[in-house]
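Two chains, two frames, some hints: make the complex.
Chains A and B, in that order, give the protein sequences. Quick note: the first sequence, position 152, residue 152 per my numbering, numbers continuous. Quick note: the second sequence, position 240, residue 240 per my numbering, numbers continuous.
Hint data in this document are derived by calculation from the structure and do not stem from the laboratory. Treat each hint with caution, since some may be false.
A few chain B positions that, by computed beta-carbon distances, are all more than 12 angstroms from chain A [what the hints assert, rightly or not]: (1) Ile3; (2) Pro35; (3) Val78; (4) Val92; (5) Ala241; (6) Val265; (7) Leu303.
Derived BS3-like pairs (lysine-lysine); straight-line CA-CA distance at most 27 angstroms [stated by the list, open to error]: (8) A:Lys434 to B:Lys40; (9) B:Lys111 to B:Lys40; (10) B:Lys40 to B:Lys327; (11) A:Lys354 to A:Lys434; (12) A:Lys307 to A:Lys45; (13) A:Lys434 to B:Lys111.
Far from chain A, by Cβ distances over 10 angstroms, these chain B residues were calculated [stated by the list, open to error]: (14) Leu14; (15) Ala71; (16) Val124; (17) Asn139; (18) Gly140; (19) Arg246.
For glycine and all other residues, C-beta sits at the position ideal for the given N, C-alpha and C.
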Amino acid sequence: MDALLLARIQFGFTISFHIIFPALTIGLASYLAVLEGLWLRTGRKVYLDLYQFWIKVFAVAFGMGVVSGLVMAYQFGTNWSNFSRFAGGVTGPLLAYEVLTAFFLEAGFLGVMLFGRERVGPALHFVSTIAVAVGTLISATWILASNSWMQTPQGHEIIDGRVVPVDWFRVIFNPSFPYRLAHTVTAAYLATALMVGGAAAWHLLRGRDNTRVRTMLSMALWMLLAAAPLQAVIGDQHGLNTLEHQPAKLAAIEGHWERTPEGEGVPLKLFGWPDMQAEVTRYAVEIPRAGSLLLAHSWDGQIPALKDFAPEDRPNSTVVFWTFRAMVGLGVLMIALAFWGLWLRRGQRLYARKNFLRFAVALSPAGLVAILAGWYTTEIGRQPWIVYGLMRTADAVSPQHSTAQVGFTLALFVVVYLVVFGAGTAYGLRLIAKGPAGDEAERPAWGGPGETRTPMRPLSAAPEDDQAETDIRADAAKEGERDGH
Amino acid sequence: MGIDLPLIWAVIILFGIMMYVVMDGFDLGIGILFPFVPAKEDRDVLMNTVAPVWDGNETWLVLGGAGLLAAFPLAYAVILSAFYLPLILMLVGLVFRGVAFEFRFKARAGKRRWWDHAFIGGSVTAAFFQGVTLGAFLNGMPVEGGNYAGGAFDWVSPFSLFTGAALVAAYALLGATWLVMKTEGRLQMRMRSLARPLAWLMLAVIIAISIWTPLAHEAIARRWFSFPNLLWFAPVPTLVALVTWRLLRELGGEGHASPFVLTLVLLFLGYTGLGISLWPNVIPPDISIWQAAGPPQSLGFALVGALLIIPVILMYTAWSYWVFRGKVRHGDGYH
Numbered sequence: 001m002d003a004l005l006l007a008r009i010q011f012g013f014t015i016s017f018h019i020i021f022p023a024l025t026i027g028l029a030s031y032l033a034v035l036e037g038l039w040l041r042t043g044r045k046v047y048l049d050l051y052q053f054w055i056k057v058f059a060v061a062f063g064m065g066v067v068s069g070l071v072m073a074y075q076f077g078t079n080w081s082n083f084s085r086f087a088g089g090v091t092g093p094l095l096a097y098e099v100l101t102a103f104f105l106e107a108g109f110l111g112v113m114l115f116g117r118e119r120v121g122p123a124l125h126f127v128s129t130i131a132v133a134v135g136t137l138i139s140a141t142w143i144l145a146s147n148s149w150m151q152t153p154q155g156h157e158i159i160d161g162r163v164v165p166v167d168w169f170r171v172i173f174n175p176s177f178p179y180r181l182a183h184t185v186t187a188a189y190l191a192t193a194l195m196v197g198g199a200a201a202w203h204l205l206r207g208r209d210n211t212r213v214r215t216m217l218s219m220a221l222w223m224l225l226a227a228a229p230l231q232a233v234i235g236d237q238h239g240l241n242t243l244e245h246q247p248a249k250l251a252a253i254e255g256h257w258e259r260t261p262e263g264e265g266v267p268l269k270l271f272g273w274p275d276m277q278a279e280v281t282r283y284a285v286e287i288p289r290a291g292s293l294l295l296a297h298s299w300d301g302q303i304p305a306l307k308d309f310a311p312e313d314r315p316n317s318t319v320v321f322w323t324f325r326a327m328v329g330l331g332v333l334m335i336a337l338a339f340w341g342l343w344l345r346r347g348q349r350l351y352a353r354k355n356f357l358r359f360a361v362a363l364s365p366a367g368l369v370a371i372l373a374g375w376y377t378t379e380i381g382r383q384p385w386i387v388y389g390l391m392r393t394a395d396a397v398s399p400q401h402s403t404a405q406v407g408f409t410l411a412l413f414v415v416v417y418l419v420v421f422g423a424g425t426a427y428g429l430r431l432i433a434k435g436p437a438g439d440e441a442e443r444p445a446w447g448g449p450g451e452t453r454t455p456m457r458p459l460s461a462a463p464e465d466d467q468a469e470t471d472i473r474a475d476a477a478k479e480g481e482r483d484g485h
Numbered sequence: 001m002g003i004d005l006p007l008i009w010a011v012i013i014l015f016g017i018m019m020y021v022v023m024d025g026f027d028l029g030i031g032i033l034f035p036f037v038p039a040k041e042d043r044d045v046l047m048n049t050v051a052p053v054w055d056g057n058e059t060w061l062v063l064g065g066a067g068l069l070a071a072f073p074l075a076y077a078v079i080l081s082a083f084y085l086p087l088i089l090m091l092v093g094l095v096f097r098g099v100a101f102e103f104r105f106k107a108r109a110g111k112r113r114w115w116d117h118a119f120i121g122g123s124v125t126a127a128f129f130q131g132v133t134l135g136a137f138l139n140g141m142p143v144e145g146g147n148y149a150g151g152a153f154d155w156v157s158p159f160s161l162f163t164g165a166a167l168v169a170a171y172a173l174l175g176a177t178w179l180v181m182k183t184e185g186r187l188q189m190r191m192r193s194l195a196r197p198l199a200w201l202m203l204a205v206i207i208a209i210s211i212w213t214p215l216a217h218e219a220i221a222r223r224w225f226s227f228p229n230l231l232w233f234a235p236v237p238t239l240v241a242l243v244t245w246r247l248l249r250e251l252g253g254e255g256h257a258s259p260f261v262l263t264l265v266l267l268f269l270g271y272t273g274l275g276i277s278l279w280p281n282v283i284p285p286d287i288s289i290w291q292a293a294g295p296p297q298s299l300g301f302a303l304v305g306a307l308l309i310i311p312v313i314l315m316y317t318a319w320s321y322w323v324f325r326g327k328v329r330h331g332d333g334y335h
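Bound-form chain B, shown alone (with noise of 0.2 angstroms):
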């Protein structure tokens, strides 16, 4: 057998969507938060913090969908179609959001409030909907003949909404996190004194979560508590507890950097959780990665494209981020 053309492909796919989470997240925790910021200068220097970035991160949630198509086209189109209400909603708040950033600095001053809120309501909703097409993910979905056999609501659960404001507090804490490292001042304090409940809610959420995903799924749970998964996992739930701690040390010392880095090795933890919840599986509960699969063919000629491409990307993305290093202030303006 030569190269596992589905399992690279899906390993590149779960590193994109990852790499779309913690740095969409960020972003879209910034709009989460700007209903506690309420002055309008504070506001445009929480903007500005990401607006020469965003932009590319959210690029990562389009190479998940292209990457999907590319070599998995039967999960692609199943996924879609079953989750087609909450990710329409989903993309209905990622353009408020994204046409805040350049509309709010153009409007008047009586506007700006509407965009500020459409800033906020796509944040939020955007936030929330991918959260609930993860857990509706995480329940699985029936197919018949290629085809997506289950209604129109079948997305709507306890367990989905919980994870849907599950992901809208660890965005929030990761965009807190992100402006302790990027502001100073009032506004960092402020910032700090926002993290540390959430920090407490992000680690009861991922308890909830922990405790009631092998409850409602009964296959995930034997993956969990048999053995010798048992001991590979062990380790998860202990570096959660101890990453947690130590993010509320910093978060009540003097750490700039250190709690968006803790924050992300959390988030880290929790996505690694979820994926050894559902290998090989790219349509839960049983269609495997490899029966998926596009013909050979497509994902050998998108696969040297990815391979090649992807670390120039990196480098070029850190690059970026490097120009922009550094504390935004007040009347920061970039010229």
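Next up, chain A with everything else stripped away, as it sits in the complex (with noise of 0.2 angstroms):
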């Protein structure tokens, strides 16, 4: 173990945890928006409750974004020293501009979302919470723009051992961004309608039937619907993307190593074992031709080959394979979800059929697993490059750092980490099985008349005692009779 690949071990480690909560605001900030909206136009309670309901699961995320985000605005400096160096003249204006516009936005009006219901009025409040969610989408704006030049760098020049942005519009908008951009945003909001409606749907399999619990199904699945086969479309725009941009990433993807003679076309490899040191991808189950007509949409296209590029010059396929190909499959499954549910409108058998709610239930974390599984493919896609044909990530971590200090604080985060966000994800499930209430902004606080008030983050005080649960229990079952089922 050097202290580059320990480096690069805590870099993987911290983002992975940070990438999740991120995705999740993104997604639940413009949900909270839209029932915001709804209920403001419509005036039924039913969207009021789910606001209240899941600001609290958004109030944990965000939490958790904030604190794993900050390390992150560090780590480039403590861990990357020479990237911050060489490239700082690209990567920090763009970070500063992602802190100016969305950070503060966010955390400005964040205060008055979760707790000024009451302190301003509700034209002002809404605006608060589309505030909220406006900058979540600027700051994935910004962040993208910065790492979408990394793999796709223009508009600078080298001066002297470091970068030199010259065309700011081409330095964002290089050829990657639009492509990297969409991709992202829908997948956070598909994260968002496989949680909400998995959520629903465990719900409803514990028999909790009510309006709320079905309006939660229901808006997730049209989400679903809207945005799963328009994220296969945008990925595969994306792919053709990386293929003129980033051949040795899609060669490695592919696991295909070396060119099929002219007039072939390239099979499909579904499966395989790609192995870097012998230069083959073993066991492959493939469809012939099937790759150059997804890649280059034609009979007989050509893609590049692995071989086409030296050893040292060639990402990790056996690991992209898969990962690629995990993201994908779990895409397909999104997409059947999207239609079964689509199918089943007819006659509301939606809310009743067992296999269905199974099946939603087992994918709600899919979302974020996708997103996890893309994120390494395109990042150890990268791979030799930290900046894509730039900048080596061997040369760009810090080169005074011990394997020791390095070991150490990974160490740390490790173990910092797994108990911080074990314990809030335990805190997100714990409010999410809880389900929304129908009388919460009524209900004055957990504690009773005559007893102190407990103060608390948005409604969001969980049960002090056993009654307090006891009484959800009923609440919820006598909301249920209420609602006929």
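This is the structure in structure tokens:
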């Protein structure tokens, strides 16, 4: 183990945790804005109830996103000082714009969104929700501009061994940016829809059938129906963009070692084991010509092969071959869920078909897993470069840190993250398991008359004791009866 | 010569760090004061005084990091490498503290104590290592060929450990006076009585650092005690004495907001002293802001945004504070 490998593991580990929470906050913030908008427009209380419910989950996810993101902002300097010095001229201003236009916007309006319903009017509160939602999207835009520039750099010159931006428009709107942004934001919406839908399905399976749970499931499935097929199209376009600008990554994803003879077409490897040493993909299951069809959109189009590149310039095909297939496989399941849901809408079978609900529960984490798999594909596929074609990852690491030092901080992060984010996930799941309540807007707070009310983050206090918990159960049962199921 | 971009950026970053110190300072201070406020209801009030705003306060720290990377990539690379361990320990502290805001209210009674400890430990850790980094920064760091050339533990020195403890005390005073402003009754009395010894401690700390700094750092001594600088700096200690005296009086009397404001002034004076000592170096002892600056194309591009957006940020931040103005009471649930 050398310091470089440890630094890479540390970065991969911390960002893997981090990426989950912004993805959820992007999706949930937009969902909350839609819910509040629907409530203001229709006056139907079910939307407000759902808002009050999901905002608690949002607050947990947001808190974890903030603290894990704070770590990221400093990690570029602590572990990757050569990269920061080399490319800081481009990545620095982009990050600064993210902070200025997004982080402050989110943080400034988050307080009003979480705690301000009684202190500002409904219009201002709605504006705050929208500001937070827009903030999450702006944040995604800048960070993906920065990441896309590292993947497909342009608009710069290299002067005295460092990157000097010459055309900011070209830097930001670099060739892979539009695809990456669309792909990532859609993925965030998908992941959130799957989580919301899965939560609703879980409650339905436990017999808690009421308007709120039904609305949750229905909205999530409409989102899924819109976003999942769209994501397949965006993913396909993103793949063509990778073929053009990062051919080695694409060859590695396909496990494609040698160019096929003219006119034969490239087969599509469904499964297999790319062997980096032997330079061959073992146990490959192939569909003839499908690779040409998918990637060149022609019967015999050629795609680059790994052997076109020097061994030291090849990304690890074994890893990205499989992370890519995990992502695509989950995407196919999402599309299946979306269309099955559409089919079941006839005659309201959506809320009762057990197999369908179980499938929805099983897929509830699928969006997040797919995001991680996709992120591994694109980042590991970029190797051995940190800035594609400009700087190798091996040259980017801070040169002065010992193995012991990086190893110590890595161990520290592993312990801290497992404790903190383990607990956070547990609290988030507990909130979801409680389900949306019907009268939370009027419910004073836990405690009852004559007792001290528990001040809380937005209506978020977990039940103080078993009594409160029993109350919820009773409420839920009553709700179920009222809704007639 | 056109616009001095590195100079403007140095001012922006100094402003950002000052905003961070005064704003996150008081909410870190609340964590530091937690052990002195054992009752659960009181602790809830303490947290609710900052729950709507702490996230925005902490964003100034991210701006400091991002601004440094954007404008002075060399300094960003060197400083963050030099203070690798204290900065990571600070981040770990902030992680625990930040999630405690959410988790504390969601935990069952038994687990809540655990998050109380995480909040205390995280706040103290973050404050202490910020202070340590500050002290070590004053000590300076060796640079060779654009890379940090020192060891992993060069940041450890009696001076830096002292500045670490000093910042914990300063944040505690900020937190106590903030709470005098935001609470009432018994809790406010408690904070008043805590703030008085803290104010004396603060004065002692400022005096100690003012003596220790020039003794330990020859270059800073030369700057302080040369003519005409001496004339310019002379008001600083006078003002410190005046403000502390006023602060102690207000704490003994009826002042609600005034102790907090006076503490802010005190901190601002200390911060000014620091700036005077280091200017114009971004990597002490001898790399200036102009030597560490990034390409002008980067500085210029980011500057447009900073100058346009920071005033807007200040406006809606002020609005958010306005929305949550007034005392926080027992059992005040935000809805």
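Structure-based check of each hint:
Listed as outside the interface, Ile3 (chain B) is consistent with that label: its C-beta sits roughly 16 angstroms from the nearest C-beta of chain A, beyond the 12 angstroms cut-off. Chain A leaves Pro35 (chain B) outside its interface by the beta-carbon criterion, the shortest separation being 20 angstroms against a cut-off of 12 angstroms. Non-interface status of Val78 (chain B) relative to chain A is broken: a Cβ of that chain comes within 12 angstroms, the nearest being about 7 angstroms off. With a closest Cβ-Cβ approach of about 5 angstroms to chain A, Val92 (chain B) is found to fall inside the 12 angstroms limit, against its non-interface label.
Residue placement check: Ala241 (chain B) keeps its beta carbon more than 12 angstroms from all beta carbons of chain A (closest about 36 angstroms). Residue placement check: Val265 (chain B) keeps its beta carbon more than 12 angstroms from all beta carbons of chain A (closest about 25 angstroms). Taking the minimum C-beta to C-beta distance to chain A, about 9 angstroms, the non-interface status of Leu303 (chain B) is violated against the 12 angstroms cut. Under the criterion of a C-alpha separation no larger than 27 angstroms, the hint pairing Lys434 (chain A) with Lys40 (chain B) is consistent with the structure, at around 24 angstroms.
Restraint check for Lys111 (chain B) and Lys40 (chain B): satisfied, since their Cα atoms lie roughly 13 angstroms apart, inside the 27 angstroms limit. With a CA separation close to 18 angstroms, the supplied pair Lys40 (chain B) and Lys327 (chain B) stays within the 27 angstroms bound. For the hint pairing Lys354 (chain A) with Lys434 (chain A), the CA-to-CA distance comes to about 21 angstroms; that is within 27 angstroms, so the pair holds. Between Lys307 (chain A) and Lys45 (chain A) the CA atoms are separated by roughly 62 angstroms; this puts the pair beyond 27 angstroms, and the hint is violated.
Under the criterion of a C-alpha separation no larger than 27 angstroms, the hint pairing Lys434 (chain A) with Lys111 (chain B) is consistent with the structure, at around 19 angstroms. Every Cβ of chain A is farther than 10 angstroms from the Cβ of Leu14 (chain B); the closest lies at roughly 15 angstroms, confirming the non-interface assignment. Not every beta carbon of chain A lies more than 10 angstroms from that of Ala71 (chain B), the smallest distance being close to 7 angstroms; the non-interface claim is violated. Non-interface status of Val124 (chain B) relative to chain A is upheld: no Cβ of that chain comes within 10 angstroms, the nearest being about 16 angstroms off.
No Cβ of chain A comes within 10 angstroms of the Cβ of Asn139 (chain B); the nearest lies about 17 angstroms off, and the non-interface call holds. Every C-beta of chain A lies more than 10 angstroms from that of Gly140 (chain B), the closest at about 16 angstroms, which supports listing it as non-interface. Distance check on Arg246 (chain B): its Cβ is at least 31 angstroms (rounded) from any Cβ of chain A, clearing the 10 angstroms threshold; non-interface status holds.
Taken one by one, the earlier hints fail for this structure at numbers 3, 4, 7, 12 and 15, listed in ascending order.
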